[in-house]
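J.: One letter stands for each residue in the lines below.
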Amino acid sequence: MTVETILIGLAGVLASAAPIIFAVLGETLSERAGVINLSMNGTILLSAMGGFAVAYNTDNIVLGFLAGMLIGALVALIVAFTSITLKQSQVAVGFVLALTCRDLSYFLGSPYMGVTGPRLHAIQIPILSDIPILGVLFFRQDIITYISFIAIVLTWVWIFRTRPGLILQGIGEKPAAVFIRGSNVNLLRYIYTIIGGALIGLAGPAFSLAIRAGWMGTISGLDGIGWIALSITIFGGWNPARAAFGAYLFALLQWLGLVLQPVFTAVPSQVLQVAPFPLMILTLLLVNIGNAEWVERTLAAMPESTRKLFAKLLRAMRASPPAALGVPFERD
Amino acid sequence: MLKGRLGSFIFQLIALALAFGVVSLILISVGASPLDAYKNMFVGSVGSVRKFAEVLVSFVPLLLVTAGLLITFSSGLWNIGVEGQIVLGAISTTWVFRYFIDSTLPPALIISLAILGGMLGGALWASLAGILKTFGGVNEIFGGLGLNFVSTALTIYLIFGPWKRPGVASMSGTVPFPDSFSLPQLPDLRISMWSLGIALLAIVIIYFILQGTYFGLKIKAVGKNFRAAYLLGIPTWQYSLYSFLICGALAGAAGAIQVAAVYHRLIPSISSGYGYLGLMVAMLINYQAIWAVPVALFFAALNIGSIQLPILMKLDSSLSGVLQGTLVLFVLIVEGARQKFMKKA
Amino acid sequence: MNVELKDINKHFGKVHANKGINLNIPSGTIQGILGENGAGKSTLMKVLSGFIQADSDSEIILDGKTVTIDSPADAIRFGIGMLHQDPLDFPPMRVLDNFLLGLPGGLFPNRKKIAQDINLLAKEFDFSLDPESYVDSLTVGERQQLEIIRLLWLGARVLILDEPTTGISALQKEKLFATLKKLPEQAMTVIFVSHKLEDVESLCDKVAVLRAGELVGELKPPYNTQKFVEMMFGKMITLGERQPSQTGETILSLDNISLEDARLKIKNVNVEIKAGEVIGLAGMEGSGQGLFMRACSGLMRTVGGRIQLKGQDVTGKHYHAFKKAGVNFLPAARLEEGLIPGLSLTDHFILAEQPKGIFIDRAAGQSLAEDRIKSFNIRGTPLSTVESLSGGNQQRAELALLQSPLSLILLEHPTRGLDIESVIYIWAKLKERCKQGAAIIFISSDLDEVLQYSDRILVFFNGNVSTPIDTHKTSVTELGQLMGGKGWTEKAGKNA
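Residue numbers (numbering that gives the first Met the number 0), protein chains in the order written: chain A, 0 to 331; chain B, 0 to 344; chain C, 0 to 495.
Keep in mind that a hint or two might mislead.
[Claimed, not checked] Each pair of labels, with its calculated beta carbon distance range:
#1 A:N59 / C:D129: 29 to 37 Å
#2 C:Q311 / B:S268: 53 to 61 Å
#3 C:P340 / B:R164: 24 to 32 Å
#4 C:S55 / B:F340: 18 to 26 Å
#5 A:N59 / C:V14: 53 to 61 Å
#6 C:D129 / A:I190: 32 to 40 Å
Rather than coming from a laboratory, the hints here were simulated on the basis of the structure.
Ideal placement from N, C-alpha and C gives every residue a C-beta, glycine not left out.
Starting from the given sequences, assemble the full structure and let the hints guide the process.
T.: Encoded structure:
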């Protein structure tokens with residue numbers, strides 16, 4: 000394998016992570032506002048199908064992406080309405096929507112199975128694309144991948160550097176305190192859930208109109224991506240930068256699985272394909288185990304120096320969710 | 000009138016009507032006649048004894064899974080991993096059958112061992128999610144989902160690897176077992192009275208556990224307030240694990256029956272989505288065991304009825320999933336609206 | 000600013016929390032609002048600050064103009080700012096971000112300018128607040144200071160403080176009062192809500208007394224304490240003389256124990272607690288009394304030393320082992336940690352009995368519940384779910400769940416938020432347990448309660464633990480100073 004092919008492979012990793020980036024950023028915004036949008040897996044499938052169908056029928060790729068965002072926003076609106084206004088369990092509503100949207104995409108998408116439709120092509124950015132190494136990696140991508148880079152930066156800046164972002168942080172932490180500072184908590188929760196949903200809805204067309212162009216129904220291999228994106232959100236500790244890192248790590252692992260298959264012929268391909276899932280469980284374990292009571296007790300029984308070392312390690316890995324995640328807000 | 004059973008029954012009917020309304024609109028939007036679709040589904044599920052027997056074939060695993068989930072829901076756990084627990088039940092049963100393939104033991108004994116093996120396999124797989132939750136702090140939703148994907152991969156690995164058919168491995172699964180390894184079925188029908196009996200027995204036992212035993216009360220206490228239950232002296236983590244084990248065993252039994260009474264071999268998608276469907280049934284019946292039988296039967300009928308749609312109307316059979324999902328969604332919405340309405344009144 | 004409240008009514012469902020309250024507060028006044036828990040003080044202030052809306056016909060008049068206050072945003076626009084009892088701030092965020100959050104302005108806040116403003120305001124009032132430090136590293140008193148300067152920066156002309164002296168040190172209280180006394184000079188109005196007579200007497204220009212949702216009257220200095228008490232409770236209530244307990248065998252002995260969590264370290268504590276004794280734990284929230292309590296109940300493992308219960312070594316054992324040895328822990332958050340919402344009283348009593356067997360004996364459960372409901376005077380039926388009970392009745396239910404026999408009861412804020420009659424009842428029940436040979440350790444942020452009911456007191460400050468102090472040899476002043484970190488050299492003894 001030459002350096003060139005490795006670089007092209009890594010560039011492919013950046014591109015194939017793009018849909019997951021959108022999903023993870025959308026979920027991060029939604030959860031920062033206190034709403035878990037568990038419908039992600041279904042939303043991505045439905046927006047992938049819907050986006051493809053619209054782009055195919057109108058022969059307009061932009062409309063396809065917009066349709067995907069609209070679908071994501073609508074599903075998020077249902078989540079927001081049932082959980083914020085009607086105070087039903089976010090997990091229940093999200094789970095039902097995850098299944099229903101999946102089945103709906105299969106039902107409505109059957110006429111589009113295997114049809115060839117429009118897709119995005121790479122755009123070489125003049126001058127920049129000629130920079131050695133970086134040019135291949137970053138500047139010969141398609142437009143949606145460029146947008147994914149920008150989205151990471153924008154989301155991060157929004158949350159941690161702007162005035163509304165500060166309010167968003169506060170809503171996830173203590174909605175009542177945001178309320179007394181003059182914000183309409185539930186309205187903001189609606190807005191962020193819907194914007195987050197639209198971002199998640201961008202993930203679908205980013206698959207069906209770019210890296211995995213077309214609609215293949217149950218065999219399109221998209222079922223499951225949404226659940227992975229949910230765990231990457233946790234891994235990301237509700238920080239867009241760390242979440243994006245998680246998404247790239249996941250895409251890298253998938254690529255390695257493909258590349259290394261001929262090398263390790265003894266390992267069946269099925270094992271390499273599911274490798275991300277045990278790894279996902281393992282990372283969740285590392286992120287969460289510091290909160291377990293028995294760990295605290297075991298630490299307490301250790302000599303001081305060992306205890307300090309482990310406590311530091313656990314704290315570095317730990318990610319705490321927004322304190323008000325999943326908790327409805329009421330004035331009295 | 001809005002209070003009490005009658006009131007909530009009326010609201011359930013409203014939800015049902017809304018769900019059918021929305022699905023009708025979807026059908027119209029793709030140019031199909033809703034009435035024809037519903038009629039075909041109805042005839043396709045209860046139109047003949049043979050078709051109704053198919054509904055029962057689908058009803059059995061669904062009811063078993065629902066029974067198990069009632070326990071995990073009672074202890075406050077979202078056991079999404081139930082799908083993988085069905086798969087591991089099926090894998091374990093297949094393993095037991097393969098182990099005894101040349102044995103001279105009476106088939107009844109082997110079948111019993113195989114089903115028990117399936118229950119054990121499901122329970123052990125569930126305990127993984129349970130241990131991750133209780134000792135690792137990993138939310139059971141994510142632990143369970145990850146394990147579901149792993150279990151599917153494991154099935155495919157077995158079918159294409161160690162357990163592959165002589166000659167070419169294929170998606171059609173492992174070599175079918177001899178007829179003697181099958182649960183006795185009714186003449187000319189695929190349904191086995193034994194499997195139906197096991198499923199009904201399971202839901203009855205679960206009903207009594209939750210209604211009348213100290214064990215059930217403790218499970219509920221753990222589910223409603225983990226911390227307070229611990230302070231009251233209940234060994235909470237043990238009870239969480241127990242509920243995972245019970246649910247896993249029942250899901251494993253569902254997988255075992257899929258192998259021993261339906262497919263007679265291991266196939267790639269052996270769980271057929273019954274785990275996720277069971278979660279929907281449990282939500283729809285608001286976690287009340289008493290309603291499990293009729294609702295699971297209704298969902299099973301939708302599943303079987305929709306098989307006719309691609310043949311008769313060129314519609315995808317996933318319509319049943321859309322209808323089931325929409326129904327649960329509207330029940331949640333209508334229930335939320337009712338609570339809001341009652342609070343104001 | 001002149002504040003006039005006219006015929007304020009507020010219903011929560013069937014509960015009439017404010018009954019036609021009329022109150023006139025002239026500009027530049029420090030107005031006290033006095034009343035016991037549940038008298039309707041907080042409701043009234045939440046109405047004024049826009050957190051909740053009063054029933055229609057209620058009228059709020061500011062400087063002669065009738066206004067409608069629909070939200071806290073409206074209130075702050077009219078110049079009304081409120082300091083809530085539980086600080087409504089964001090602990091994991093920086094002081095600067097807490098200050099910035101909700102301030103109007105452009106997309107990117109001018110952090111430098113705001114940091115300067117914070118420093119300036121802090122200097123004016125002699126507060127020490129570092130804009131870059133995290134709020135969870137501040138004391139409750141410092142968090143109040145942050146909130147006060149934030150409200151002033153926003154242009155508050157009326158400052159409402161809801162029970163601000165709970166959980167802060169004597170030193171911080173002095174500083175708070177000094178700050179508040181400066182405000183009327185700038186034509187500001189201060190509304191000070193409290194149930195502590197001493198505080199309102201030393202601070203307020205006039206005091207309105209609320210009882211059961213009604214305004215029973217106003218008093219001006221010189222204040223007559225006796226009169227206040229009558230107005231607050233409607234009758235004379237005496238807590239009775241403090242009675243020293245009869246002590247017996249040693250129940251709990253802590254031998255050189257050390258504790259730590261992510262924030263705090265407690266080193267080498269030695270205490271012996273005897274049967275019949277009541278030990279009060281005083282200190283500002285988060286000073287280590289919580290850790291100490293969890294260690295005594297086995298909910299947390301000590302990192303060093305030995306714990307013995309009646310001579311039996313239980314070091315490193317879990318709560319359930321402690322429980323078997325006769326230790327019960329009652330948490331402060333009743334519905335979050337103590338009781339199980341959704342289950343009935345009967346279910347609770349059945350569970351607390353640690354039943355053996357398989358099938359529930361409903362009849363026995365029912366009669367057990369009826370029995371306990373009667374002997375603990377709980378207003379509820381055996382089938383009532385716990386969340387349908389009032390706070391006082393929930394606390395009684397928790398007491399009724401204590402096992403028998405019992406050697407050690409650990410209580411966090413046993414009477415927080417309860418009316419005085421419930422307080423007296425609950426302590427009577429607890430003292431009964433002491434007579435039967437149990438020891439009690441309790442945490443309270445109410446120093447009067449600590450002094451009234453403890454035999455000995457342990458004071459906590461930033462992880463330091465005092466030697467046990469005999470209650471009859473100490474005073475509110477001394478305890479307050481210790482809680483604020485003063486005078487530790489002589490009291491710290493070998494525990495420091």
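J.: Against the structure, test the hints numbered earlier, and report the numbers of the ones violated in rising order.
T.: Going through the list in order, the structure violates hints 1, 3 and respects the others.
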